[in-house]
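**Q** Using the sequences provided together with the hints, build the complete structure.
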Amino acid sequence: MKLGIVIGQVVSTLRHPALEGRKLMVVQPVGPDFQPEGEPLVALDTVNAGVGETVLVVEEGRAARLVLNIQRAPVRTLILGIVDEVEMDGISRRPPHFGPS
Numbered sequence: 054m055k056l057g058i059v060i061g062q063v064v065s066t067l068r069h070p071a072l073e074g075r076k077l078m079v080v081q082p083v084g085p086d087f088q089p090e091g092e093p094l095v096a097l098d099t100v101n102a103g104v105g106e107t108v109l110v111v112e113e114g115r116a117a118r119l120v121l122n123i124q125r126a127p128v129r130t131l132i133l134g135i136v137d138e139v140e141m142d143g144i145s146r147r148p149p150h151f152g153p154s
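Here our numbering is used: the first residue of the sequence shown is 54, the next is one more, and so on.
Everything labelled a hint here was simulated from the structure, so no lab data went into it.
Hints should not be assumed to be uniformly reliable.
Label-pair distances were calculated between CB atoms; the ranges are [said to hold, decoys possible]:
{"#": "1", "residue 1": "PRO70", "residue 2": "ARG147", "range": "37 to 43 angstroms"}
{"#": "2", "residue 1": "ARG115", "residue 2": "GLU140", "range": "24 to 30 angstroms"}
{"#": "3", "residue 1": "ARG115", "residue 2": "ILE135", "range": "39 to 45 angstroms"}
{"#": "4", "residue 1": "GLU90", "residue 2": "THR66", "range": "29 to 35 angstroms"}
{"#": "5", "residue 1": "ASP142", "residue 2": "VAL104", "range": "29 to 35 angstroms"}
{"#": "6", "residue 1": "VAL63", "residue 2": "PRO89", "range": "16 to 22 angstroms"}
{"#": "7", "residue 1": "ARG147", "residue 2": "MET54", "range": "14 to 20 angstroms"}
Keep in mind that this is a model prediction, so the values were computed, not measured.
We put the CB at the ideal spot given by N, CA and C, even for glycine.
**A** Pasting the structure below:
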């Protein structure tokens with residue numbers, strides 16, 4: 054799993070039936086210090102995350118299909134959780150919120 058910050062939403066009028074009714078979000082991967090790492094990616098949202106929220110992302114097709122319980126879903130990347138806090142080496146860090154208040 055990776056940490057990421059939701060930076061946008063994808064609008065798609067034509068999509069695979071397995072994706073109907075589900076949100077696609079643009080996520081910027083970040084490190085434990087919440088600084089950007091790598092290129093943004095598109096992830097299927099399973100937790101109703103909003104722009105600016107820090108999220109947990111999984112990038113593995115089999116895991117994504119198991120979570121969705123759809124064996125032939127064309128999905129590799131999912132948002133699985135909204136992060137409230139990261140604790141490392143006894144230090145707690147709260148993610149910044151970049152979206153609308």
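**Q** Run every hint past the structure and note whether it holds.
**A** Going down the list of hints, with the structure as the test:
no.	hint	verdict
1	PRO70 x ARG147: 37 to 43 angstroms	holds, 39 angstroms
2	ARG115 x GLU140: 24 to 30 angstroms	holds, 29 angstroms
3	ARG115 x ILE135: 39 to 45 angstroms	violated, 23 angstroms
4	GLU90 x THR66: 29 to 35 angstroms	holds, 32 angstroms
5	ASP142 x VAL104: 29 to 35 angstroms	holds, 30 angstroms
6	VAL63 x PRO89: 16 to 22 angstroms	holds, 19 angstroms
7	ARG147 x MET54: 14 to 20 angstroms	holds, 19 angstroms
The earlier numbered hint that this structure contradicts is number 3, and it is the only one.
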